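A.B. asks: Let's have the full structure, built from the sequences with the hints guiding it.
Residues per chain are reported as follows:
There are 2 protein chains.
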Amino acid sequence: MSLPDSFERLTVLFRKLPGVGAKTARRMAFFVLQQPVSYAEELAACLSGLKDRIFTCSRCGNITDREPCAVCSDLLRDRSTLCVVETVEDLISIEQAGVYSGLYHVLGGRVSPLDGEDLDEECLAGLVRRIGEDRIREVIIATNPRIEGDLTFHAIVDRLGETDVSVSRLAYGLPVGGSIEFADRTTLLASLESRVTVKRKE
Amino acid sequence: MSLPDSFERLTVLFRKLPGVGAKTARRMAFFVLQQPVSYAEELAACLSGLKDRIFTCSRCGNITDREPCAVCSDLLRDRSTLCVVETVEDLISIEQAGVYSGLYHVLGGRVSPLDGEDLDEECLAGLVRRIGEDRIREVIIATNPRIEGDLTFHAIVDRLGETDVSVSRLAYGLPVGGSIEFADRTTLLASLESRVTVKRKE
Ligand SMILES: [Zn+2]
Ligand SMILES: [Zn+2]
Chain A
1 MSLPDSFERL
11 TVLFRKLPGV
21 GAKTARRMAF
31 FVLQQPVSYA
41 EELAACLSGL
51 KDRIFTCSRC
61 GNITDREPCA
71 VCSDLLRDRS
81 TLCVVETVED
91 LISIEQAGVY
101 SGLYHVLGGR
111 VSPLDGEDLD
121 EECLAGLVRR
131 IGEDRIREVI
141 IATNPRIEGD
151 LTFHAIVDRL
161 GETDVSVSRL
171 AYGLPVGGSI
181 EFADRTTLLA
191 SLESRVTVKR
201 KE
Chain B
1 MSLPDSFERL
11 TVLFRKLPGV
21 GAKTARRMAF
31 FVLQQPVSYA
41 EELAACLSGL
51 KDRIFTCSRC
61 GNITDREPCA
71 VCSDLLRDRS
81 TLCVVETVED
91 LISIEQAGVY
101 SGLYHVLGGR
111 VSPLDGEDLD
121 EECLAGLVRR
131 IGEDRIREVI
141 IATNPRIEGD
151 LTFHAIVDRL
161 GETDVSVSRL
171 AYGLPVGGSI
181 EFADRTTLLA
191 SLESRVTVKR
201 KE
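Order-wise, the sequence lines are chains A and B.
The letter at position 165 of the first sequence is residue 165 when you use our numbering, and the numbering goes up by one with no holes.
The letter at position 71 of the second sequence is residue 71 when you use our numbering, and the numbering goes up by one with no holes.
Hint data in this document are derived by calculation from the structure and do not stem from the laboratory.
A portion of the hints provided could be inaccurate.
To be verified - Here are the computed lysine to aspartate or glutamate pairs in the EDC-like style, where the Cα-Cα straight-line distance is at most 16 Å: (1) Lys51(B) - Glu41(A); (2) Lys51(B) - Asp65(B); (3) Lys23(A) - Glu89(B); (4) Lys51(A) - Asp90(B); (5) Lys51(A) - Glu42(B); (6) Lys51(A) - Asp65(A); (7) Lys23(A) - Glu8(A); (8) Lys23(A) - Glu8(B); (9) Lys51(B) - Asp74(B); (10) Lys51(A) - Asp74(A); (11) Lys16(A) - Asp5(B); (12) Lys23(B) - Glu89(A); (13) Lys51(A) - Glu8(B).
Stated by the list, open to error - To give an idea of the interface, some chain A residues facing chain B are shown, with a C-beta separation under 7 Å as derived from the structure: (14) Pro4; (15) Arg135; (16) Leu188.
As the list claims (entries may be wrong) - Covered stretches of chain B (in silico footprint by chain A; criterion: 3 or more residues with CB under 8 Å from a CB of chain A, positions within the stretch not fixed): (17) 35-45; (18) 53-63; (19) 142-153.
Owing to the predicted nature of the structure, the values given are computational and were not obtained by experimental measurement.
All C-beta atoms, glycine included, are put in the ideal place defined by N, C-alpha and C.
C.D. replies: Below is the structure:
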């Protein structure tokens, strides 16, 4: 049976979205049909020209619709601390958690030998240059707690040897609200090695 | 932190889609940004005016971009058999399985006392009228194997008493490729009651 062309096309396009299979794509297309006409029109308006309206902040690599981005232009933030993340997604996660008030630097890359990825020279040089120009005093490396994140961390640390900044890394440990029972061995080991002294033997 | 307006708006709109939570909506919005510009533009073009291009077939209730729909206008189909389904989604599932070559009738409703839903009189009258006008000889009721589907089935059967057609219902039983171990009690009971005789005692 041939479904209406635009319905098929919509299903095919939805299916390309991350985590969307054939059935979900069809459900989504039906959903759009069942909504008031304004839903499809708003979504269309939002998508059309999207990539002209959103670009990358030239300073930090965040996504933005003005230059520099909202974070970089916020004078209330701590402008001497730089949090280095792998991707804009990571930046937004930290930002939405509301736990950090310094600036960011999006690497836009990582060291992952298995995927044949490496940080290019310009990426690290850009970080070092920014630290100098913006008079950064502390760099917090917030790479992901995985092998690739660790390799990326070391690549950055190696390169920061030439700069005069404090460097730290996000702590590894038990996720708050999680349970020891379900923690994997690596996390348990990390949380044991990073254990916090509560009282010292006298 | 304020994300670019159109990015936020896109995330909000994606989040309304069925099965999409906050994190998935954000991943989808990022995905769109990372695709070639043609993806967002194609999706926009497909959505804009969608509800003008797609409407409901006046004969069977299928979605279509021409009148009557592809199924109703297909002269190679068995035009004396009518499969009654609750929704267009059900019609498409049966159609894509490629197991049926008659016509359809979408009820667009069901009997569900818990949700306060009932088949309106016009819905059943429309079915009876169509059976007469289109000289239907067999009606296959393909309501869903749930309480609501059963109630809907009975409402249809009651009403079809006044017509001269054969009426059947999709069989209940073990899903092919499934396992008895994981079948629920109701399915096991249904498959036992509908058991197929292989050899008769002499
Ligand atoms: Zn920025
Ligand atoms: Zn039709």
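A.B. asks: Now tell me, hint by hint, if it's right for this structure.
C.D. replies: Taking the hints in turn, this is what the structure says about them:
1. Lys51(B) - Glu41(A): holds, 10 Å
2. Lys51(B) - Asp65(B): Holds, at roughly 10 Å.
3. Lys23(A) - Glu89(B): holds, 10 Å
4. Lys51(A) - Asp90(B): violated, 37 Å
5. Lys51(A) - Glu42(B): holds, 13 Å
6. Lys51(A) - Asp65(A): holds, 10 Å
7. Lys23(A) - Glu8(A): OK: Lys23(A) and Glu8(A) at ~12 Å, within 16 Å.
8. Lys23(A) - Glu8(B): Measuring from Cα to Cα gives roughly 26 Å; hence the hint is violated.
9. Lys51(B) - Asp74(B): Distance of about 24 Å is beyond 16 Å: violated.
10. Lys51(A) - Asp74(A): violated, 24 Å
11. Lys16(A) - Asp5(B): Distance ~24 Å between Lys16(A) and Asp5(B) Cα, so the pair is violated.
12. Lys23(B) - Glu89(A): holds, 10 Å
13. Lys51(A) - Glu8(B): holds, 14 Å
14. Pro4: holds, 4 Å
15. Arg135: Violated, because the Cβ-Cβ distance from Arg135(A) to chain B comes to roughly 22 Å (cut-off 7 Å).
16. Leu188: This interface hint is violated because 26 Å lies over the 7 Å limit.
17. 35-45: holds (count 9)
18. 53-63: Per the Cβ count (3), the hint holds.
19. 142-153: violated (count 0)
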